[in-house]
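Residue numbers (the working numbering), protein chains in the order written: chain A, 1 to 259; chain B, 1 to 259.
FYI, nobody ran anything at the bench for these hints, they're computed from the structure.
Keep in mind that the hints are not guaranteed to be accurate.
Which copy is meant is left open, so a pair is good if it fits within one copy or across any two.
[As the list claims (entries may be wrong)] Derived DSBU-like pairs: lysine-lysine, alpha-carbon spacing no greater than 35 Å straight-line:
no.: 1; residue 1: Lys82; residue 2: Lys251
no.: 2; residue 1: Lys187; residue 2: Lys115
no.: 3; residue 1: Lys45; residue 2: Lys251
no.: 4; residue 1: Lys83; residue 2: Lys251
no.: 5; residue 1: Lys159; residue 2: Lys239
no.: 6; residue 1: Lys115; residue 2: Lys251
no.: 7; residue 1: Lys67; residue 2: Lys115
no.: 8; residue 1: Lys117; residue 2: Lys187
no.: 9; residue 1: Lys82; residue 2: Lys187
no.: 10; residue 1: Lys45; residue 2: Lys239
no.: 11; residue 1: Lys83; residue 2: Lys117
There are 2 protein chains.
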Amino acid sequence: MRITIIGSGNVATHLAAAFKNAGHRLVQVYSQDIQNAALLAYHMKARPIDDLQQIDPETDLFVISIKDDAIVAVVKQLAGYKKLTVHTSGATDLAELAELIPEAGVFYPLQTFSKTKEVDFWSVPLCIEGVDETTTRDLEELARTISNNVYRISSAQRKTLHLAAVFACNFPNYLYDVARRLLQENKMGFELLRPLILETAQKVQDALPNAVQTGPAVRNDEITMTAHLQMLAGQPDLKILYELLSQGIIKNKNAEHAG
Amino acid sequence: MRITIIGSGNVATHLAAAFKNAGHRLVQVYSQDIQNAALLAYHMKARPIDDLQQIDPETDLFVISIKDDAIVAVVKQLAGYKKLTVHTSGATDLAELAELIPEAGVFYPLQTFSKTKEVDFWSVPLCIEGVDETTTRDLEELARTISNNVYRISSAQRKTLHLAAVFACNFPNYLYDVARRLLQENKMGFELLRPLILETAQKVQDALPNAVQTGPAVRNDEITMTAHLQMLAGQPDLKILYELLSQGIIKNKNAEHAG
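Chain A on its own, in the form it takes in the complex:
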């Protein structure tokens, strides 16, 4: 397929590389910043542009991977080419594209990407949605050339998925940082916690998290929880967080026993 990439951020970069590796042809890479466009385009043997007036109409697919609030303005400029057009956003409804373009879809990779860290794209869940069955099938076919985990996900489901990803990725990362700071205050390094963090994530690769919950809350170990809350007395935000999360764990456990 001939593919044009609109954007040069983390998602655009990893998607472009996956398409290239699968043998697709990258036509152009657009970015407001020509240097960013050039950097990605160079690796993809595509042409960099920083002006949507320079779009090459000889393409099969526009992949729009830019900030959510900029998507509609770009789609308006691309609508005239009447090509298959997808966005990669977790939070943007397909309807926002479908209003402007007949062949519209979503191509949402559910992963956290950094430009400096390679990702095995074959394992990345790709969430696909199309305006009609034909578009959906075309996108599924394309998705299967770069990932083994392709799912049909509606716009409503995708919004929930995006929210769930915040709980499963962004918030745990913040808690890693809370732990890091607690250690730092007591002259210990973050490396002490790295094996524990990795094992915690590895455990739920085969099991469900409620089945492998550990710690004082699930044991209802009130002595330890009281001691921990005392240690957090000087950090009221963390104290409330500890209480809230522990209460959640206890509630979960009681619900399971009742159920």
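Assemble chain B onto chain A, guided by the hints.
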């Protein structure tokens, strides 16, 4: 070394296996439940006992790996043998042992263990503390026969470490479960999130968590955060949790920029 294991839980099981693999001799395994003692003792070629009166004094080390509130009672029964005695608890002060026994120490493995999942013990951080320099060195030497990550950690530091581990392990696992339930309510499976969870933990193996924070809060993407809070309107506990964690991320970011 000749080692006697008091306890047959997850920590006792993994520690015993690591000692055995390193060529140490397991003398006896004690558990209140003789079947549990027998199961572990069988694999370790040790003798199972369910009565501390049956302790074989021909041992070099007692490893006490039982519930925190049962440790002191057991130590009282072992004190007469005057052997090197350690506990494996994150939350119990060394002083509680040292009051009762001259050669006392702590041997705390910072990892989450399940009986059914093997762990590469060489990567497990082992936190060591002894009543004096000789005891500490003996324990360090022993620790290095089973782990490449041996640390001297005081009782005060260990308490912080235990608290930090709750934030780095138990709470993230609970958040995985929150995400699982959000998906389940919308007919999606947890497998969608597994690659994301693993990558989030893998990212901080080389980087620090504050350097790789992603998501709407760190971007200050108020539109997405407002949408997420609206989706959680029917689940007030999760709504408060979302607000608290997002505020924490924003506060962290502002502190970095100020600093």
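We went through each hint and held it up to the structure:
no.	hint	verdict
1	Lys82 with Lys251	neither (52 Å within a copy, 45 Å between copies)
2	Lys187 with Lys115	both (31 Å within a copy, 32 Å between copies)
3	Lys45 with Lys251	neither (54 Å within a copy, 41 Å between copies)
4	Lys83 with Lys251	neither (51 Å within a copy, 43 Å between copies)
5	Lys159 with Lys239	both (30 Å within a copy, 16 Å between copies)
6	Lys115 with Lys251	between (39 Å within a copy, 25 Å between copies)
7	Lys67 with Lys115	within (16 Å within a copy, 45 Å between copies)
8	Lys117 with Lys187	both (29 Å within a copy, 32 Å between copies)
9	Lys82 with Lys187	between (60 Å within a copy, 34 Å between copies)
10	Lys45 with Lys239	neither (53 Å within a copy, 46 Å between copies)
11	Lys83 with Lys117	within (32 Å within a copy, 50 Å between copies)
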